[in-house]
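Student: Spelled out, the chains give:
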Amino acid sequence: MIRDSDQELIENLRKESTRDQAFRGLVLKYQERLYWHIRKIVLNHDDTDDVLQNTFLKVWKNLDGFREESTLFTWLYRIATNESLTFISAQKRRALVPMNEVSDLIKNKLDSDEYYEGTEIQKKLQQAILKLPDKQRIVFNMRYFEEMPYQEMSGILKTSVGALKASYHHAVRKVEDYLTNRE
Amino acid sequence: MGNSDFTSKKLQEAGRDLPFRVPQQYFDDFPSRLQSRIAQESQSAMAKNIRFIDYLKPALGLAAAFAAVFMLIYQPAYMITNQVAISKNATTNNLDEKVINLVEHVDDHTFFSLLENGASTEKIDNEEIETFIAANYSDYDIYLETHK
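Quick mapping for you: the protein sequence lines, in order, are chains A and B. Numbering (our numbering) for the first sequence: 13 to 195. Numbering (our numbering) for the second sequence: 710 to 857.
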């Protein structure tokens, strides 16, 4: 069903006369899923809003470059992931923060975010996730919160299923250690 | 209870729900805001192009002025001087051709002896002059020449 409507979207995106309308349809369809995917990486709402706009802007500019080698969903997720990582890298450069203190920078942003409403243990979980390396963090978020199948993750992150399973396993171990030792 | 069970329990306690929320109407407003941003980006991209052309304009003007000066002054001057040089060359060439034509009719022996004589610094004495005159002129001719 989704695949069919995606195909229709792609066909309409390719035609000059229906492109604007189809793009609006694409935004309406995927904005929420992409928002939550990005929010889990950058955490703060305002930053997520910026990255989501950048993501769709990039999609708009590169519509002709979409070759249908992957599904529309995979392509969008890949762009959103890359944009999120680019955003975090830019923040590191701007703040001139050493790599090991980046998580503190994001944590401070999380503390001051008016759209955060977690319990103490949820905040601790987010802090534990922040301590993970970027790629591991994305894998953990996709698997733990979204329960995304490894096969799908493999298409988005261009990583083998085996490597993703290993990555998730390590991430869970580290998060559990953090939750236990920071009581 | 093993350590692993305990930590899994901690993770379960945290749950899988995200502790985030979004402003009201956020997803309703987002498409319009995005549309404005795309329009803005397109305009700024166009403005950038125009600005780039504006940057180029003075340089292009200057280059055109130089080209005009070159065409109006240098090129005619070059053409005139070139014509003078061509005519000079033509004259020199004509003289050279005449000399070559003259020399062509002279046999090698005569030509080399002419060159040798020309380069000679020997002086002619009176006796030689007397012999030359006696051989080439009659007494009458000598009388006429000396009593003019």
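These aren't lab readings, by the way, just hints derived from the structure by calculation. Ideal Cβ placement from N, Cα and C applies to all residues, glycine included. Keep in mind that a hint or two might mislead.
No farther apart than 30 Å at their CA atoms in a straight line, the calculated lysine-lysine pairs in the DSSO-like style are these [stated by the list, open to error]:
hint: 1; chain 1: B; residue 1: LYS718; chain 2: A; residue 2: LYS135
hint: 2; chain 1: A; residue 1: LYS147; chain 2: B; residue 2: LYS718
hint: 3; chain 1: A; residue 1: LYS177; chain 2: A; residue 2: LYS143
hint: 4; chain 1: A; residue 1: LYS186; chain 2: B; residue 2: LYS718
hint: 5; chain 1: A; residue 1: LYS121; chain 2: A; residue 2: LYS135
Short, incomplete list of chain A residues facing chain B, as computed with Cβ under 7 Å [as the list claims (entries may be wrong)]:
hint: 6; residue: ARG36
hint: 7; residue: GLU44
hint: 8; residue: ASP62
hint: 9; residue: PHE68
hint: 10; residue: TRP72
hint: 11; residue: LEU75
hint: 12; residue: PHE78
hint: 13; residue: GLU80
hint: 14; residue: SER82
hint: 15; residue: TYR128
hint: 16; residue: GLY130
hint: 17; residue: LEU137
hint: 18; residue: GLN139
hint: 19; residue: ASN153
hint: 20; residue: PHE157
hint: 21; residue: LEU191
Student: For each hint given before, does the structure comply? Return the numbers of the non-compliant ones in rising order.
Tutor: 8, 11, 12, 13, 14, 18 and 19
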